[in-house]
Amino acid sequence: MRYRLLALLLLMLVLSAYAEGPSVSPAPPTPSEGGGGGSSHRQTDMEKIIKALEQGKKQNPKRFEYLQTLLWKEYTPPGEYRLPAVLIYYRGNTTVRRSDPLEIQAYVTNENELEIRRPLYIDLEMAEPGGDFRRVNSQTQIVQVNEYFSTDGINYTYRSFPEITDLRSLKETGRVRFRIKYTDSLYKMYSSNWSVSSPQLFPVLELNVINNPPVVNYTNVTYRPRYSDPIEYVADIMDPDGDTLNVTLHILNEDNSTERTNVTQELRGSGTVRFRNSEYGFFGKEDAGKTFHYYYTVGDGINVTSTNIAEGPEIRPTPKLLVESPRMVAEDENYYWWGRYNFSIDVKSQDENSFPLTVYLYTSTPSNPWKLRGSRTVTVTPERQTVSFETSFDVSDSNQTFAYRFSYSEPDQNGRTSMDLAADKPINPKIVKYSILSPLGIANVILTLIIFLSAGVIVERVSNNRGRKKEIKGNQEGGR
Amino acid sequence: MIWAAMLLALLLVGLVVHRMNFERVYRRLSELSSGVSRDKLYELLSVDHGANFSAMVFSSWVAFFVAFMYYLLPPLIPWLLRSGFPIASNYGLVLFAVIVASLASFLLWASRSFPVWLRLSEIYRIYPLSRNEMSLCAATVFVLVVSAGLSFCNFVNYPFVNRTLETAAWLLLLVALILLFIPVFNEFVEAGR
Chain A
11 MRYRLLALLL LMLVLSAYAE GPSVSPAPPT PSEGGGGGSS HRQTDMEKII
61 KALEQGKKQN PKRFEYLQTL LWKEYTPPGE YRLPAVLIYY RGNTTVRRSD
111 PLEIQAYVTN ENELEIRRPL YIDLEMAEPG GDFRRVNSQT QIVQVNEYFS
161 TDGINYTYRS FPEITDLRSL KETGRVRFRI KYTDSLYKMY SSNWSVSSPQ
211 LFPVLELNVI NNPPVVNYTN VTYRPRYSDP IEYVADIMDP DGDTLNVTLH
261 ILNEDNSTER TNVTQELRGS GTVRFRNSEY GFFGKEDAGK TFHYYYTVGD
311 GINVTSTNIA EGPEIRPTPK LLVESPRMVA EDENYYWWGR YNFSIDVKSQ
361 DENSFPLTVY LYTSTPSNPW KLRGSRTVTV TPERQTVSFE TSFDVSDSNQ
411 TFAYRFSYSE PDQNGRTSMD LAADKPINPK IVKYSILSPL GIANVILTLI
461 IFLSAGVIVE RVSNNRGRKK EIKGNQEGGR
Chain B
-2 MIWAAMLLAL LLVGLVVHRM NFERVYRRLS ELSSGVSRDK LYELLSVDHG
48 ANFSAMVFSS WVAFFVAFMY YLLPPLIPWL LRSGFPIASN YGLVLFAVIV
98 ASLASFLLWA SRSFPVWLRL SEIYRIYPLS RNEMSLCAAT VFVLVVSAGL
148 SFCNFVNYPF VNRTLETAAW LLLLVALILL FIPVFNEFVE AGR
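Protein sequence lines correspond, in order, to chains A and B. Taken in order, the first sequence gives residues 11 to 490; the numbers are from the working numbering. Taken in order, the second sequence gives residues -2 to 190; the numbers are from the working numbering.
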C-alpha cells in the first residue's frame, strides 16, 4: 500500500502541473485565505490537483487509464519470500489403457512462513499426443495459506483433480503429458519449472496411453432363409474401454469381393447389435438362390476391428408353387368327433422345375388350439397332385367350432406359406360313438350286470370266510 | 341333485330305523340282564340266510351304488372328460362301473367294522326273513339293472338328456332302495304294533 500511495502522490504532482498549465499563474491569496500561510497554499494545490484529476477522468478517460497503468507499481513481497513448488504426484504405471483408472494429484510445498504465504491457484494441464497443453480440470484448486501440513520443517499439501478419472475421451493413443500450472497471484509458474528425482513426483508426467480394441465375440446369421423370412445378423460386441462404437455390417456380393451394402449402428460400450432385413432391406425377391458373405467392422474412434468374412445367408431359391382347392370332407355329415375327416390341398409347380415341398396340417378348436395333425413331403411337379390328411378329433373337441390350416415350406403364388379355413359347422356334441341298441351298447349293459353280480359274489365270499373263521375260533374256545 | 339327495336321505332313514330296531331289542335285553354288549347281542341275533341270498343282496347293494352313479353321470361327464378319464371310449362306462363297484364292494366289506347299525352288508342278519322278502331283496338287483340301463341310455345320448328316462331311472332307484330296506321297515312296523 505504501508504494501505491507514493505512486498516487507522484501522479498528483504531475497532474497538478498539467492542470495549471504554463500560462496560468497561481491566483493571489484572498484575505480570507491569508490566515493559512504555507499550509493553506498546499491545501489549495491539493484541491487543484484533485479537480484536475476529476476533469481529466471525465474528459479523457482513456488517457487517464493509461496514466494509471504507467504509474502502477507491482507489489513485491519481502526479500525472504520463496516461490512455492508444485509437482505432480502419481503412483500408477506410466503405460496405461484408456479405461484404466487414473488419479493425478498436485503435491505442494511452501517454505514461506505463514505471515508471508500467498494462496495458490492450481490447474492441471494435459497435452494429447502431438498437441499442446490445455487445462483439463474444470475447477481451479486453491491452497489457502493455512492449509499446509508440516513435517520435518517441510510445509506440504496435496490437491486432487476429481474430474480426471481415466483417459477414455482420448481420440488418439500415444504419449500424453501432464503438468501443473499454478500462481500465487504474483507469479505464474509450472511444475515443469522444477526438477526433482522421485519415483512418484513428476515435474511433467508422461503417460504412454494404449487402446483396447473392441472385440466381436460371436456372429451369426439366419440359416438358409427365404428372402421373405426374417433374416437377421446378430453380433455380440464388447469394448473394454466402454467407448461408443460404430458397428458396421458389410454385405458382399455373390462374387465375394465387392461390397453390396453396408449399414452402421452405434453402440455404447458392449452389447448386441442386430441388423434385420426387414429394417434395412438387404435382400429382395431377385436374391433367391444366391449366397452372400459378410463381415463386421467395429470402430471405437481409435482402432477399427474387422472380422473375418463369413458366409451367409444362403437364400433359398423360391420355387413357383401353386396351391389350390383346400378342402375338408367329413366321414359323417354330423361331424362327430370320432369321425374321420379328410383334409386335402392341390399343389403344382408353375414352371418346369420340380422341388420338394412339406405340407403341414393343423386343426384348432377352443380346447386344442392349432394342433399339428401331420405333415407330408411331396415332390411338386408341373402335374397337379393332391396332398391329403386323414384325422379325427378328440372328445374334448365335441360341441366346438373348428378351423384348419395348411402350412407349406415354400411360398405359394400369393407369397404366403399357410392357408387358414374354418369349418361350416361345429363338431357334434355327442360324445359316445355307439348307440344303446348297438352290439357295443348291449355289451356294455351286460358287462355292467356281470360286474354287479361278480362284486356281490366276491364280497359274499370274503365276508363268509371271515364269518367261518370267527365261528371256528368260537367253537375252539368253547371246547376248552 | 335334489332327487339324488332324496335317495341318500332315504338310505339314511333306513339305517336309522335299522338302528332303532336293534336298540329296542338291546334295551329290552338290558332290562333282563345287564352286561351284554351290543356286539355280543348282534352275534346272538345273527341269522344266516344262506350264501345265495347274501350274494344277491351284496350284488344289489353294489348295483345300487353303480346305478346311482350312472344316474349322476351326465353332470359329471364334463369333469370326467377334463380329468382325462376315457368315459367316451367304447368301454369307458364299463370301466367306470368297475371302479364304482370296487369302491362299493370295499365299502360293504369295510362296513363290517362299523357300529352295528351301520353294517350295511349284514343288515339282514338280525331279521327273520320270509321267502317273499328274500325274493324281493334278491330281485332288487334286476330293478337296478333296469335303472342303470335307463341312465345308460341318457349317457349314450349325452349331451341330450331325456328327462323321462332320467325320472324313470330315479324312480327305479327309489323302489330298489325301499325293497332293500323292506325287512327293516317291516320289523319297525311290527314292533310298533
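Treat each hint with caution, since some may be false.
Stated by the list, open to error - Going by beta-carbon spacing under 8 Å, a handful of chain B positions derived as facing chain A:
#1 Val153
#2 Ile175
#3 Leu176
Stated by the list, open to error - Below, in silico cross-link-like pairs of lysine to any residue (SDA-like), each with a Cα-Cα straight-line distance of 20 Å or less:
#4 A:Lys443 with B:Val158
#5 A:Lys181 with A:Tyr158
#6 A:Lys443 with B:Leu70
#7 A:Lys443 with B:Glu119
#8 B:Lys37 with B:Phe50
#9 B:Lys37 with A:Ser473
#10 A:Lys435 with B:Pro156
#11 A:Lys300 with A:Ser280
#12 A:Lys443 with B:Ser27
#13 A:Lys443 with B:Lys37
#14 A:Lys443 with B:Tyr88
#15 A:Lys435 with B:Asn159
#16 B:Lys37 with B:Glu119
#17 A:Lys198 with A:Asn218
#18 A:Lys381 with B:Gly81
#19 A:Lys443 with B:Pro83
#20 A:Lys443 with B:Pro71
#21 A:Lys443 with B:Gly81
#22 A:Lys443 with B:Tyr23
#23 A:Lys300 with A:Pro366
#24 A:Lys443 with B:Asn154
#25 A:Lys443 with B:Tyr155
#26 B:Lys37 with B:Ser27
#27 A:Lys181 with A:Ala137
#28 A:Lys300 with A:Pro327
#29 A:Lys191 with A:Asn222
#30 A:Lys381 with A:Glu400
#31 A:Lys443 with B:Pro156
#32 A:Lys300 with A:Asn263
#33 A:Lys300 with A:Gly425
#34 A:Lys300 with A:Arg326
#35 A:Lys358 with A:Thr368
#36 A:Lys443 with B:Phe82
#37 A:Lys435 with B:Leu29
#38 A:Lys330 with A:Asp297
#39 A:Lys191 with A:Ile152
Just so you know, the hints here were simulated from the structure itself, not pulled from any lab data. Even glycine gets a Cβ: it sits at the ideal position worked out from N, Cα and C.
Here's how the hints hold up against the structure:
1. The interface hint given for B:Val153 holds, since its Cβ lies 5 Å from the closest Cβ of chain A, which is under the 8 Å cut-off.
2. Among the interface hints, the one on B:Ile175 is violated; its C-beta lies about 19 Å from the nearest C-beta in chain A, farther than the 8 Å criterion.
3. With 8 Å as the threshold, the beta carbon of B:Leu176 stays out of range of chain A, its nearest partner Cβ sitting at about 15 Å, so the hint is violated.
4. With a C-alpha separation of about 16 Å, the suggested pair A:Lys443 and B:Val158 falls inside the 20 Å cut-off, and the hint holds.
5. Of the pairs offered as hints, the one joining A:Lys181 and A:Tyr158 is violated, with about 38 Å between alpha carbons and a cut-off of 20 Å exceeded.
6. Note on A:Lys443 and B:Leu70: the hinted pairing holds, with a Cα-Cα distance of about 17 Å set against a maximum of 20 Å.
7. Proposed proximity of A:Lys443 and B:Glu119 is contradicted: the alpha carbons are some 41 Å apart, above 20 Å.
8. With a CA separation close to 24 Å, the supplied pair B:Lys37 and B:Phe50 exceeds the 20 Å bound.
9. The suggested pairing of B:Lys37 with A:Ser473 holds, with an alpha-carbon distance near 18 Å, which does not exceed 20 Å.
10. Note on A:Lys435 and B:Pro156: the hinted pairing holds, with a Cα-Cα distance of about 17 Å set against a maximum of 20 Å.
11. Pair hint A:Lys300 plus A:Ser280 does not hold up; C-alpha atoms about 33 Å apart against a cutoff of 20 Å.
12. Between the alpha carbons of A:Lys443 and B:Ser27 the distance comes to roughly 62 Å, so the proposed pair goes past 20 Å and is violated.
13. With a C-alpha separation of about 55 Å, the suggested pair A:Lys443 and B:Lys37 falls outside the 20 Å cut-off, and the hint is violated.
14. Between A:Lys443 and B:Tyr88 the CA atoms are separated by roughly 11 Å; this keeps the pair inside 20 Å, and the hint holds.
15. Of the supplied pair hints, the one linking A:Lys435 and B:Asn159 is violated, its CA atoms being roughly 24 Å apart against a limit of 20 Å.
16. Between B:Lys37 and B:Glu119 the CA atoms are separated by roughly 15 Å; this keeps the pair inside 20 Å, and the hint holds.
17. Taken as a hint, the A:Lys198 and A:Asn218 pair is broken in the structure, with Cα atoms around 28 Å apart against an allowance of 20 Å.
18. A distance of roughly 18 Å separates the Cα atoms of A:Lys381 and B:Gly81; the hinted pair therefore holds under the 20 Å criterion.
19. Of the pairs offered as hints, the one joining A:Lys443 and B:Pro83 holds, with about 12 Å between alpha carbons and a cut-off of 20 Å not exceeded.
20. Simply put, A:Lys443 and B:Pro71 have alpha-carbon atoms about 16 Å apart, close enough for the 20 Å limit, and the pair holds.
21. Distance restraint check for A:Lys443 and B:Gly81: the Cα-Cα separation of roughly 17 Å lies within the 20 Å cut-off, and the hinted pair is therefore satisfied.
22. Restraint check for A:Lys443 and B:Tyr23: not satisfied, since their Cα atoms lie roughly 56 Å apart, outside the 20 Å limit.
23. Among the hinted pairs, A:Lys300 with A:Pro366 is consistent with the structure: their alpha-carbon atoms are about 18 Å apart, no more than 20 Å.
24. Between A:Lys443 and B:Asn154 the alpha-carbon distance is near 9 Å, which keeps this suggested pair within the 20 Å criterion.
25. Among the hinted pairs, A:Lys443 with B:Tyr155 is consistent with the structure: their alpha-carbon atoms are about 11 Å apart, no more than 20 Å.
26. For the hint pairing B:Lys37 with B:Ser27, the CA-to-CA distance comes to about 12 Å; that is within 20 Å, so the pair holds.
27. Using a Cα cut-off of 20 Å, the hinted pair A:Lys181 and A:Ala137 holds, with the two alpha carbons roughly 12 Å apart.
28. With a CA separation close to 8 Å, the supplied pair A:Lys300 and A:Pro327 stays within the 20 Å bound.
29. Pair hint A:Lys191 plus A:Asn222 does not hold up; C-alpha atoms about 31 Å apart against a cutoff of 20 Å.
30. Pair hint A:Lys381 plus A:Glu400 holds up; C-alpha atoms about 14 Å apart against a cutoff of 20 Å.
31. At roughly 13 Å between alpha-carbon atoms, A:Lys443 and B:Pro156 fall within 20 Å of each other, so this suggested pair holds.
32. Distance check on the hinted pair: A:Lys300 and A:Asn263 sit about 9 Å apart at the alpha-carbon level, within 20 Å; holds.
33. For the hint pairing A:Lys300 with A:Gly425, the CA-to-CA distance comes to about 19 Å; that is within 20 Å, so the pair holds.
34. For the given pair, A:Lys300 sits about 7 Å from A:Arg326 by alpha-carbon distance, which is consistent with the 20 Å threshold.
35. Taking the CA atoms of A:Lys358 and A:Thr368, the gap is near 13 Å; set against the 20 Å cutoff, the hint holds.
36. As the CA atoms of A:Lys443 and B:Phe82 are separated by approximately 16 Å, the hinted pair is consistent with the 20 Å bound.
37. The straight-line distance between the Cα atoms of A:Lys435 and B:Leu29 is roughly 79 Å, outside the 20 Å bound, and the hint therefore fails.
38. A distance of roughly 15 Å separates the Cα atoms of A:Lys330 and A:Asp297; the hinted pair therefore holds under the 20 Å criterion.
39. A hinted pair counts as satisfied when its Cα atoms are at most 20 Å apart, and A:Lys191 with A:Ile152 qualifies at roughly 12 Å.
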